[in-house]
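Asker: Okay, here's what each chain looks like letter by letter:
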Amino acid sequence: QKEVEQNSGPLSVPEGAIASLNCTYSDRGSQSFFWYRQYSGKSPELIMFIYSNGDKEDGRFTAQLNKASQYVSLLIRDSQPSDSATYLCAVSVNRDDKIIFGKGTRLHILP
Amino acid sequence: ETGVTQSPTHLIKTRGQQVTLRCSSQSGHNTVSWYQQALGQGPQFIFQYYREEENGRGNFPPRFSGLQFPNYSSELNVNALELDDSALYLCASSFQAGGHTGELFFGEGSRLTVL
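Chains E and X, in that order, give the protein sequences. Under the working numbering, the very last position in the first sequence is 111; numbers go up by exactly one each time. Under the working numbering, the very last position in the second sequence is 226; numbers go up by exactly one each time.
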């Protein structure tokens, strides 16, 4: 079983709609969870991090964490064409603090 | 701008050669992690350095090695290059305290092509 799993997409969402990105992880001891955005040809940039169960909101972005289900999600409200990118879910593995990434979900916002 | 700088940005090597990639971490950060990202894939963890010592390693052979210096900058060395080593190599710095992993800040990467 892969440590961090994401649907590779592409996920197509109309401009102005809500984009929902999902991620599952295998290590129950994981404590830190991150969402990164990566534009084509660029390096990943941090969007949000979440450590506790529940929701965390930052502007148009909301991260959701459910440790019992080993599930992390990212919601993007009022999607803009500039949100078109690959979104990487990342999870810290508790035993030695390394951060493991999923393969990423390609998001395409339709104008 | 993350304050993390990598060099060189692009390089071409031939199979069997050796390469050294360099990274300067963000001011105040004490941990450097290296990742390999093949086209269309997520970053794969190579290893992490904390206080000049390797602190975790991914599923990469020993020909991938690294160093961290007292100023927290770092090098990634790859010996006996193979065609499959062609990828974007990403350096990320973070601040680690009390066993809790801080968020990673990435440099722009070094794109390695092995012919």
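Keep in mind that a hint or two might mislead.
[Claimed, not checked] Chain X residues, not near chain E, derived (Cβ > 12 Å throughout):
no., residue
1, S135
2, P172
3, R222
[Claimed, not checked] Non-contacting residues of chain X with respect to chain E, defined by C-beta distances greater than 10 Å in every case (computed):
no., residue
4, G114
5, D196
6, L226
[Said to hold, decoys possible] One-sided and incomplete, this derived list gives chain X residues near chain E with beta-carbon spacing under 10 Å:
no., residue
7, T113
8, Q152
9, G153
10, S197
11, A198
12, L201
13, S205
14, F216
Quick caveat, the hints were computed from the structure, so don't treat them as lab data. Computed from a predicted model, the values in this text were never measured in an experiment. Positions of the beta carbon are idealized from the N, C-alpha and C atoms, including for glycine.
Asker: Against this structure, judge whether each hint is valid.
Answerer: We went through each hint and held it up to the structure:
1. S135: 14 Å, holds
2. P172: 17 Å, holds
3. R222: Not fine: 9 Å to the nearest Cβ puts X/R222 too close to chain E.
4. G114: 13 Å, holds
5. D196: 19 Å, holds
6. L226: Given a closest Cβ separation of 21 Å, the condition holds.
7. T113: 8 Å, holds
8. Q152: Holds - the Cβ of X/Q152 comes within 10 Å of chain E, reaching about 6 Å at its closest.
9. G153: Nearest chain E Cβ about 4 Å off; hint holds.
10. S197: Nearest chain E Cβ about 15 Å off; hint violated.
11. A198: Since the shortest Cβ distance to chain E is 13 Å, the answer is violated.
12. L201: At about 6 Å, which falls below the 10 Å cut-off, the nearest Cβ of chain E leaves the hint on X/L201 intact, so it holds.
13. S205: The hint holds - X/S205 has a Cβ within 10 Å of chain E, the shortest such distance being about 8 Å.
14. F216: The hint holds - X/F216 has a Cβ within 10 Å of chain E, the shortest such distance being about 7 Å.
Hints 3, 10 and 11, counting from the list given before, are not met by this structure.
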